[in-house]
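Trainee: Going down the list, the protein sequences come from chains X and P.
Following full-length UniProt numbering, the numbering of the first sequence begins with 1 at its first residue and continues without gaps.
Following full-length UniProt numbering, the numbering of the second sequence begins with 1 at its first residue and continues without gaps.
For the record, the hints were derived by calculation from the structure and aren't laboratory data.
Check each hint, because a few of them may be wrong.
Said to hold, decoys possible - From the structure, some residues in chain P lie toward chain X, with a derived Cβ separation under 7 Å:
1) Lys103
2) Met106
3) Pro127
4) Pro130
5) Tyr133
6) Ala136
To be verified - Derived lysine to any residue pairs resembling SDA-like cross-links, with alpha carbons at most 25 Å apart:
7) P:Lys29 / P:His62
8) P:Lys108 / X:Ile191
9) P:Lys109 / X:Ser84
Said to hold, decoys possible - Negatives, chain X to chain P, calculated, CB over 12 Å:
10) Arg48
11) Lys75
12) Trp102
13) Leu124
14) His126
15) Ala137
16) Ala152
Keep in mind that this is a model prediction, so the values were computed, not measured.
Even for Gly, the Cβ is constructed at its ideal location relative to N, Cα and C.
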Amino acid sequence: MQNLCKFELQYCKLLCKTKPINQQPVRYTRKPRWLPKAPTKIFRVPVRPQISTDERNELFLLFTNYRTTMKSIQKQLEYELETSFTGQEVLQEIANKEEQLWAKCMDINDNWNAEVALEREQRLAHEREARREEILAQLIEKEEEKKKKLEAIEEIVRLEKEKSKSYITIDNIDEAIEKALDNVVDHKYAIDLAGNIIKGNSPHEPTTETSTNQMRVQTIN
Amino acid sequence: MFLYKFNNLKILNIILLKSNIMRAFRLLKKLTPSSGGGDDFEKAKKSIRLARHGCANRPFYHIVVVLQRRDCKAHPIEQLGTYDPMENHYGEKLVSFNLERIKYWMAKKARLSNPVAELLGLSGFLPIHPHTYMTAWRNRQRSKTESEQSETATATN
Chain X
1 MQNLCKFELQ YCKLLCKTKP INQQPVRYTR KPRWLPKAPT KIFRVPVRPQ
51 ISTDERNELF LLFTNYRTTM KSIQKQLEYE LETSFTGQEV LQEIANKEEQ
101 LWAKCMDIND NWNAEVALER EQRLAHEREA RREEILAQLI EKEEEKKKKL
151 EAIEEIVRLE KEKSKSYITI DNIDEAIEKA LDNVVDHKYA IDLAGNIIKG
201 NSPHEPTTET STNQMRVQTI N
Chain P
1 MFLYKFNNLK ILNIILLKSN IMRAFRLLKK LTPSSGGGDD FEKAKKSIRL
51 ARHGCANRPF YHIVVVLQRR DCKAHPIEQL GTYDPMENHY GEKLVSFNLE
101 RIKYWMAKKA RLSNPVAELL GLSGFLPIHP HTYMTAWRNR QRSKTESEQS
151 ETATATN
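Start from the sequences and build out the full structure, keeping to the hints where you can.
Mentor: Okay, structure coming up:
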């Protein structure tokens, strides 16, 4: 880190592009590894700490004790942490809380359902009423229509009955034949340019026309 | 330094870019709080240790959880307390702990550094560290010898 900082600073100085803000040059706190032993310290022999056997034994005992107790404490703490997530009581508590929450939710839901049901019933009643009225109106309309139709049919029947008086039946067929034979109706006729009707086969016998017109027809023919 | 080895401009540029990134990273680190939010990996070893936050001739320590392989200035995962090693007006060295979180991190198998273990021992949370006993009896011994020496000196005088 320190190495890098120094390195960077040198670059900054070189290029003068980016000036570091709040950056201090860090001096080496230690001699680099690759430098040899200082000439003044070449023949220095570091003094070993003098520890008596009693002290050493005492320390050994203390440390072993400390280590075992620390281990047990560590285990206890781990156990506590684990039980804080997956202990019976904790789980029970969580379950209880959830149950309570569930009950609360259900209460809210029930209340809401009741409210909605009331509203729905009212709405449905209203709709039913409306539908009944509609159906009634439709029924009345249909009846009226039926009546009208019946009337029309009756009218037709009446007319037919009236007509049936002049019908030719087996009883009066001879009479009718005779009558028809007596009054022969000739439907053939001609029309001239003036719109005069000329009946019969003989063109010289005009029925309802003027003589001048007749003459003209003749000349054309 | 190996600066003069790079005559090639390309390499120099790349290095410059890298250094810029490093600077940005350091700036970002300064913006993040010192009390936590550092890298935390589930399976990496962690240790609870002192991080020096004082200035020259005035030490002050934060008790922090850091990844064990990180250096002393690394961004901590969480701050667990403070320690002021300089005595105050009443001759007290003030320590504060967040014991709940310390318990949690110990349960997560974070290693305790020696000074922190000693502090915790003195605070009564853990058994007293052997080091404390050792320093105590050594101090006692020293004071005893000193008093003896002074006594002999007065006697001779």
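Trainee: Could you work out which earlier hints the structure fails to respect and list their numbers in ascending sequence?
Mentor: 6, 8, 11
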